[in-house]
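Chemist: This is what each chain is made of:
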Amino acid sequence: MARTATSQRLFNSTGKYVVLVLMAVIALYPIFQMWMTALRPSNEILRSPFALPSTLDWSNLATAWTTGRFGTYLINSVIITIPTVVGVVVLSCLAGYGISRFKFKGRNIMFMTILLGLTVPFQSVMIPLYYQLLNMGLLGTYWSVILPGIAFGLPFGVFLMQSFFEDLPHELAEAGRVDGCSEFKIFKDIMLPLAKPAVSTLIVFQFMKSWNEFLMPLLYLQDENMRPIPLGLMFFQGAYTRDIGLIAAGVAISTVPVIAVYLIFQRQFVKGLTAGAVK
Amino acid sequence: MVEVNLKNVKKAYGNVEVIHGIDLEIKDNEFCVFVGPSGCGKSTLLRMIAGLEDINAGEIWIGDKDVTDLEPVDRGISMVFQTYALYPHMTVRENIKFGLEVAKVPKDEIDRRVADAAKNLQLDSYLDRKPGQLSGGQRQRVAIGRSIVRKPDVFLFDEPLSNLDAELRVHMRIEIARLHNRLDSTMIYVTHDQVEAMTLADKIVVLQAGRIEQVGSPLHLYDDPDNQFVAGFIGSPSMNFLPGKVTSVSGSSVSVAFEGGVDELTVELSQNPPAVGDTVAVGIRPEHFTINGTGTKLSVRSDVTEQMGGVGYMHAYTDKETHVVAEIRGRITDLDKDNVVLTFDPKQSFIFNQTGARLR
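Going down the list, the protein sequences come from chains A and B. Okay, so the first sequence: first residue is 860 according to our numbering, each after it adds one. Okay, so the second sequence: first residue is 8 according to our numbering, each after it adds one.
These aren't lab readings, by the way, just hints derived from the structure by calculation. Possibly wrong hints are sitting among the right ones.
Claimed, not checked - No more than 25 angstroms apart at the CA atoms, straight line, and that leaves these computed lysine to aspartate or glutamate pairs for DMTMM-like:
hint: 1; chain 1: B; residue 1: Lys158; chain 2: A; residue 2: Glu1025
hint: 2; chain 1: B; residue 1: Lys158; chain 2: A; residue 2: Glu1042
hint: 3; chain 1: B; residue 1: Lys354; chain 2: B; residue 2: Glu275
hint: 4; chain 1: B; residue 1: Lys210; chain 2: B; residue 2: Asp35
hint: 5; chain 1: B; residue 1: Lys158; chain 2: B; residue 2: Glu174
hint: 6; chain 1: B; residue 1: Lys252; chain 2: B; residue 2: Asp270
hint: 7; chain 1: B; residue 1: Lys344; chain 2: B; residue 2: Glu275
hint: 8; chain 1: B; residue 1: Lys327; chain 2: B; residue 2: Glu294
hint: 9; chain 1: A; residue 1: Lys962; chain 2: B; residue 2: Asp81
hint: 10; chain 1: A; residue 1: Lys1055; chain 2: A; residue 2: Glu1042
hint: 11; chain 1: B; residue 1: Lys114; chain 2: B; residue 2: Glu60
hint: 12; chain 1: A; residue 1: Lys1047; chain 2: B; residue 2: Asp118
hint: 13; chain 1: B; residue 1: Lys72; chain 2: B; residue 2: Glu101
hint: 14; chain 1: B; residue 1: Lys137; chain 2: A; residue 2: Glu1025
hint: 15; chain 1: A; residue 1: Lys1047; chain 2: B; residue 2: Glu182
hint: 16; chain 1: B; residue 1: Lys34; chain 2: B; residue 2: Asp160
hint: 17; chain 1: A; residue 1: Lys964; chain 2: B; residue 2: Glu24
hint: 18; chain 1: A; residue 1: Lys1044; chain 2: B; residue 2: Glu116
hint: 19; chain 1: B; residue 1: Lys354; chain 2: B; residue 2: Asp341
hint: 20; chain 1: B; residue 1: Lys252; chain 2: B; residue 2: Glu275
hint: 21; chain 1: A; residue 1: Lys1044; chain 2: B; residue 2: Glu101
hint: 22; chain 1: A; residue 1: Lys1055; chain 2: B; residue 2: Glu101
hint: 23; chain 1: A; residue 1: Lys1044; chain 2: B; residue 2: Asp76
hint: 24; chain 1: A; residue 1: Lys964; chain 2: B; residue 2: Glu60
hint: 25; chain 1: A; residue 1: Lys1047; chain 2: B; residue 2: Glu101
Bear in mind the structure is a predicted one, so any value in this text is a computation, not a measurement.
Kindly generate the complete structure, drawing on both the sequences and the hints.
Modeler: Below, the structure written as structure tokens:
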């Protein structure tokens, strides 16, 4: 009887591991394959596309960086992504906290209106936005991608931060008031440090979203020198259609910052995803 | 001298008034406990004194200062919350000194006060830990430490022991009593646990539905309750109430036939005696019963007996199924469970009229 129960447990845990390993392989294999393709000599790729490289060849990465101008694209992506992420995170934290903590007239309507932004696809506003940016003299500047990027990031950001702040015990803010804190100090020194998991989640989400943004820079940034990575990658792909190794190298370079940001915030990110699930 | 005075204080949420004009005077160095059932407004009243809830009418005075419109920090109070409300991302030391830093107290003074508090509350070895690494009792002590370093005029406690287990609760109760003796400060304490109220308080305020039912020392409320609510609320196990009817009134002498009574109960009621035929409730505390003793007799059927060793609690029912608890000293043995006669001294019973007011 005991033996049956033990084997049942062993089978269950083995089964779990098999499923988890399978999922991990499915998720990681494309990245692995991309890096392997980028790191092998071009003549090997067509001969046996899925084999491991005989030697590690870094020349594709070097060529992509210099010939493909990935260095420039990377800087452009950073110039666009960082202000967008900072804008979305700062405004979402302030708005989310304000909506969750202060009871004022029209609070629900305001929150619902912000959430409505989640349902608006970029495609439905891209043409009016084009003319608006043109009239404002922002077309062709980094602001033409940063400002709409912040606007489109806010609905999710406010929603995430509002739900997180809502779940924090309100006694903490009251203890802060008894301790003599101003409302801003309560936010900055008590509540915001506790919202680290949600802020990390928002940083990762927004970073990925802005980093991978394609349509907005395609429409609003016509200057080749201002192209971010996804756009650069497209033109690069067009120019070197047959050099799969070089394209893989370009793609590999573009994923490094996203992977790095994810790894930095990974622990907090998981906490943020499960926040509010249990008290 | 730090007295707390509430003058006709009212609180409403929208159109619903929850505190109905409370007048209360809490003396300097007094340990005042607010008790009452859930939703009676005791925590709301405490939060109004703290300045965490606005009031709709009336005035709150702390010492010689009208604090009605002042922020919590300007009222000279500190508060220990039910959930402790420790800042989870700060260490014990940072939690204790946070309020002092906000008040811009000089650093060496902060260090001195934190060290004093840590020593008094035996927190020295935990100062660099985060609240999440502490037990419930230790967290409670940190919350108290955070409160005392600010040297407030008035300490406010909002059910501070309700999250602790029974043993720790008794221990912390004694700690709080010691703290009051040591600090000689005015303390206001909210609880629904009447053992805490009885053991800690100099003065108990019994609240019900946003109104004060009675104010007095613990024993005064126990011995001389103004109404049926206070009589039932103070004392554990609670007072037994048996429905009855006035059968005769002769001067101040009133006879009552009551449920389960073998004979009529005759008591002296000098003020507002009832009329013949009036419905009343007869109140008898569990410890005033004896089995087969002398005095007025009550016939019951015994159900369950809880033997605690030195004392036993007999749960019984009258013929009309009214629940009665009798506290019996010593062991309860050889009982004919279906025919138990409990006796009590009529002078120790209470009579309440239909509105619950005590007839004296």
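Chemist: Hint by hint, say whether it matches the structure.
Modeler: Okay, the hints, checked on the actual structure:
1. For the hint linking Lys158 (chain B) to Glu1025 (chain A), the alpha-carbon distance of about 32 angstroms lies beyond 25 angstroms, and the restraint is violated.
2. For a cut-off of 25 angstroms, the pair hint linking Lys158 (chain B) to Glu1042 (chain A) stands: about 23 angstroms separates their Cα positions.
3. A distance of roughly 8 angstroms separates the Cα atoms of Lys354 (chain B) and Glu275 (chain B); the hinted pair therefore holds under the 25 angstroms criterion.
4. Using a Cα cut-off of 25 angstroms, the hinted pair Lys210 (chain B) and Asp35 (chain B) holds, with the two alpha carbons roughly 12 angstroms apart.
5. This hinted pair does not check out: Lys158 (chain B) and Glu174 (chain B) have alpha carbons roughly 29 angstroms apart, beyond 25 angstroms.
6. The suggested pairing of Lys252 (chain B) with Asp270 (chain B) holds, with an alpha-carbon distance near 13 angstroms, which does not exceed 25 angstroms.
7. Taking the CA atoms of Lys344 (chain B) and Glu275 (chain B), the gap is near 33 angstroms; set against the 25 angstroms cutoff, the hint is violated.
8. Taking the CA atoms of Lys327 (chain B) and Glu294 (chain B), the gap is near 22 angstroms; set against the 25 angstroms cutoff, the hint holds.
9. Proximity of Lys962 (chain A) to Asp81 (chain B) is assessed by CA-CA distance (about 23 angstroms); at most 25 angstroms being required, the pair is judged to hold.
10. Proposed proximity of Lys1055 (chain A) and Glu1042 (chain A) is supported: the alpha carbons are some 19 angstroms apart, at most 25 angstroms.
11. Using a Cα cut-off of 25 angstroms, the hinted pair Lys114 (chain B) and Glu60 (chain B) is violated, with the two alpha carbons roughly 32 angstroms apart.
12. Taking the CA atoms of Lys1047 (chain A) and Asp118 (chain B), the gap is near 24 angstroms; set against the 25 angstroms cutoff, the hint holds.
13. A threshold of 25 angstroms between alpha carbons decides the hint, and for Lys72 (chain B) with Glu101 (chain B) the separation of about 31 angstroms lies outside it, so the pair is violated.
14. For a cut-off of 25 angstroms, the pair hint linking Lys137 (chain B) to Glu1025 (chain A) stands: about 23 angstroms separates their Cα positions.
15. About 34 angstroms separates the Cα atoms of Lys1047 (chain A) and Glu182 (chain B), which puts this hinted pair outside 25 angstroms; it is violated.
16. Taking the CA atoms of Lys34 (chain B) and Asp160 (chain B), the gap is about 12 angstroms. The hint holds against a cut of 25 angstroms.
17. Distance restraint check for Lys964 (chain A) and Glu24 (chain B): the Cα-Cα separation of roughly 21 angstroms lies within the 25 angstroms cut-off, and the hinted pair is therefore satisfied.
18. Our distance criterion of 25 angstroms between C-alpha atoms is met by Lys1044 (chain A) and Glu116 (chain B), whose separation comes to about 23 angstroms.
19. Between Lys354 (chain B) and Asp341 (chain B) the CA atoms are separated by roughly 29 angstroms; this puts the pair beyond 25 angstroms, and the hint is violated.
20. At roughly 15 angstroms between alpha-carbon atoms, Lys252 (chain B) and Glu275 (chain B) fall within 25 angstroms of each other, so this suggested pair holds.
21. The straight-line distance between the Cα atoms of Lys1044 (chain A) and Glu101 (chain B) is roughly 15 angstroms, inside the 25 angstroms bound, and the hint therefore holds.
22. The hinted pair formed by Lys1055 (chain A) and Glu101 (chain B) meets the criterion: a straight-line CA distance of about 19 angstroms does not exceed 25 angstroms.
23. Annotation: proposed proximity of Lys1044 (chain A) to Asp76 (chain B) holds, straight-line Cα distance about 21 angstroms (limit 25 angstroms).
24. Among the hinted pairs, Lys964 (chain A) with Glu60 (chain B) is consistent with the structure: their alpha-carbon atoms are about 19 angstroms apart, no more than 25 angstroms.
25. About 16 angstroms separates the Cα atoms of Lys1047 (chain A) and Glu101 (chain B), which keeps this hinted pair within 25 angstroms; it holds.
When held up to the earlier numbered hints, the structure conflicts with 1, 5, 7, 11, 13, 15 and 19 and fits the remainder.
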